[in-house]
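2 protein chains.
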Amino acid sequence: MELKGLSFLGTQRGSRDTLTFHAINPQTGAPIPPSYHSASLAELNAAVQAAAEAFPVYSQLPGKARAAFLRRIADSIDAHATVLIERAHLESALPATPRLSGETARTSNQLRVFATLLEEGSWVQARIDPALPDRKPLPRVDLRSMLRPLGPVAVFGASNFPLAFSVAGGDTASALAAGCPVVVKAHAAHPGTSELVAEIIAQAVAAESLPAGVFTMVFDSGIDIATALVQHPEIKAVAFTGSLRGGRALMDLTAARPQPIPCFTEMSSGNPVFVLPSALRKGPAELAKNLFGSVTLGAGQMCTKPGIVLVPESPDGPAFFEELKSLVAQSQPFTLLTAGIAREYARATVARSGQIPVAASGPVAEAAHQAEPKLFTVCFEQLLAQPELTEEIFGPDTLLVSCDSTSDYISAAQSLDGHLTATILGDEADLLAHRELVQILEQKAGRLIVNGFPTGVEVAHAMVHGGPYPSTSDPRFTSVGSQAIYRFAKPVCYQNFPDALLPPELQAANPLNITRFIDGKPEGV
Amino acid sequence: MELKGLSFLGTQRGSRDTLTFHAINPQTGAPIPPSYHSASLAELNAAVQAAAEAFPVYSQLPGKARAAFLRRIADSIDAHATVLIERAHLESALPATPRLSGETARTSNQLRVFATLLEEGSWVQARIDPALPDRKPLPRVDLRSMLRPLGPVAVFGASNFPLAFSVAGGDTASALAAGCPVVVKAHAAHPGTSELVAEIIAQAVAAESLPAGVFTMVFDSGIDIATALVQHPEIKAVAFTGSLRGGRALMDLTAARPQPIPCFTEMSSGNPVFVLPSALRKGPAELAKNLFGSVTLGAGQMCTKPGIVLVPESPDGPAFFEELKSLVAQSQPFTLLTAGIAREYARATVARSGQIPVAASGPVAEAAHQAEPKLFTVCFEQLLAQPELTEEIFGPDTLLVSCDSTSDYISAAQSLDGHLTATILGDEADLLAHRELVQILEQKAGRLIVNGFPTGVEVAHAMVHGGPYPSTSDPRFTSVGSQAIYRFAKPVCYQNFPDALLPPELQAANPLNITRFIDGKPEGV
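Protein sequences appear in the order of chains A and B. The opening residue of the first sequence carries number 1 in the numbering used here; numbering runs sequentially from there. The opening residue of the second sequence carries number 1001 in the numbering used here; numbering runs sequentially from there.
Same shape as in the complex, but just chain A (with noise of 0.2 Å):
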């Protein structure tokens, strides 16, 4: 596949007399060709218009039909995978394996879990109330309802994941699968990556005889197209992964709409860890160590890096302590997506040791876009005083608590804002006397963990990747696993409708075999 640096418009690609930006390789600082065009307002205009035209077919399509087009995408993928892997491993710096093959994997996974979810049926959630006409004092009419798409979905390209949460990714599989057309935001930073996801994208489209609006892209490093595009009339609900400035600012733009619509952005979050007395017991190197890779995986750059530990008092909290410092003080520097984001990180640590103490810091970066691991050390008292201190710095650094005892954990853990996730590492006597916190905390937090790391989300349908504000826009909604999908529906409730008019979903007959919920019931249970 030729990289061309145009935008997908539909049927055609944008032009070539824009302005142009690059993708940079992290590891020189140096451009990678080819050129990107940023999209004008004109072709914006027209991706979003092919977008809404391609709607009215593409939401009336059988699940089956969008189905096989997620299973032809994630094939094409899967078939692409070296190229795919070569590319964004030039401009991510991320490792080709493990960490780029498996995000590969993970971004065809994740629209085969979609394919599967359709083909099955029930994800509509039908409900049927049948009529009683001889109820008194008021017969009740035939009442159905089911889940249909909301319309045209612009989707974000997150920086940290350039395939499982950008072109292909988790949000664009969730809003093709229920219905909605997609038009993609590719992040600057990793445009030709964009650009071959979109190919195959567009390549299925073609294959499977779907209008050509049912997926667009638009390049742009600036963030004009990104305002245009979330304003725009035609737009019906917006998905978005990335720092807390840029996701507030989606959801400020879409609430001040004429019209506004659901605006899902996952955004920041600093992951807090709760060490119990008997997981320091257990052996405190080991903590130590599987910690250290937790808040380095991904060189820091995941949603869920545990950014707060908080430890208690205890004999083996200093071989803890050591151990981590150690591993810390010993590390290599981290290359980083983007020199901006490096330079961010250098800013946001640099200003945190000016505040609380510096316990341990990796050898100093030398080149612009690597970063040194941090580990950072507060009492519990300091962190209530400063709650700011709680907020995420994207990179591999953390925050080290020490407590007095976990009885400060009650307090802790009411303090905090609202997070993706919440953990607790502990025996189960221990666990099981610390259910407070475990309550407190399911307000604080979308996924609580029990001995294990929060990075790492699997793809599943009981997972959920959201969280109270600022971690997310809505803690309704999961931007992760099969339940994703729910944040581009509505119900629609059909009254009194001849069957033959009725979506297959609700007929009498129940021609696709799916589980319908009758007077609330889940039918045959």
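It cannot be assumed that every hint is accurate.
Stated by the list, open to error - List of simulated lysine-lysine pairs, DSSO-like, C-alpha gap at most 27 Å: (1) A:LYS521 with B:LYS1064; (2) B:LYS1136 with A:LYS289; (3) A:LYS64 with A:LYS521; (4) B:LYS1521 with A:LYS521.
Simulated from the structure, these hints should not be mistaken for laboratory data.
For chain A, the structure is supplied; the task is to place chain B on it using the hints.
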């Protein structure tokens, strides 16, 4: 029950030191005792603080305990029906029978619908993805998720449903069912009805030994307390039924918070009705009579009043039109809920009659609270040119849109904003010939009705009382029916938890015997 005119702040009532207002009898314009004391900001904060303190206890109660609480409220509402209806009639001028007696029954029925949902227990959407220790390349850890409550919810009483969508109405019932304490802002037009119902709930709180802050209620006749309520950091969601202006103001306030929160507002809907030729053929006079009944039900002060009626050129058109004009012209004037609503109805209908013809008008209203029904007419082309004609007027008017044929319906439907309902009238052959119209309307309304009228909203599992903006703030939710609970709950994932630390809903033995989803499939199906 003696009316005191003071807010409910948890363990205590509001003070008598603040500004006062009165309910006004719409039929006489006279104030109704007692005087009502607006909550001070300190009192509002006390109410919200009480709710926040109640949350950790209330949110952890078993569903059956919350169900018992809801049933106790329902039983007490039924036991006090006479006094409730009497006061609501005084404050709203809505007829005692069948309207307010039916509304009282609906209010207690709604509470019992949610009680039944809690007793059965499966509403929490428990999902279990069991561990796969042997999976390659990586094992899968045990993941379980279920819905948990959001936190204290601010509920706004609605003017047009002093019982069913006010203090113990659908919003309160669904929030309490979800496990959220409720802080009600009573509607200033029916403070006495509000106080009576609040007293019933407060007694149920005490009888069930719940924390007092599970239910609080503040009075105010202005907007300061409402503003402070939705801006309070301990409020985690908002539910409102009312005007577009009021609902949009709440949406803007909640979106601008440091921590934005879910805000469900049900606002403005024209509820378009598409008449197919076969419906006119079947009986033009009967159609006119039924339409007139729906337009003037509750004096036209229904969220689902049919405000736009599209009619094709037809030999039966004149008979329908003449009958409808005659019904309007011969109607009695209607007493509206408040002088303010009557003034706004007069202003809006005068403004509209400056733009388009008035085909018929009822006898001129004599009292300040009265309104005469109005029948406006416009041709299809003018409707497209002036989309503001589809905006709701709250009261007993409707707009007849004359079309050349039903082929105009496609572009008319495409031009619509969001509505709560859309209705199509016609025989089965005619309906099936207009399938494309149905498909467009799926994107324009939350409920599609065939051969019925939109007024009369059934409290059922398949009901959708929602729709795209401006009918509501978020088309993904409903405010009527059992699914309304999902506005106030969010999923939490429990990863690798020991069984004893899990909520009962997720424990291996399934002690509550609920329907759960194992690897995405309902258990036992």
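We went through each hint and held it up to the structure:
1. For the suggested pair LYS521 of chain A and LYS1064 of chain B, the alpha carbons sit about 18 Å apart, so the restraint of at most 27 Å is met.
2. Restraint check for LYS1136 of chain B and LYS289 of chain A: satisfied, since their Cα atoms lie roughly 23 Å apart, inside the 27 Å limit.
3. A hinted pair counts as satisfied when its Cα atoms are at most 27 Å apart, and LYS64 of chain A with LYS521 of chain A qualifies at roughly 25 Å.
4. Annotation: proposed proximity of LYS1521 of chain B to LYS521 of chain A holds, straight-line Cα distance about 14 Å (limit 27 Å).
Comparing the model with each earlier hint shows no violations; every hint is respected.
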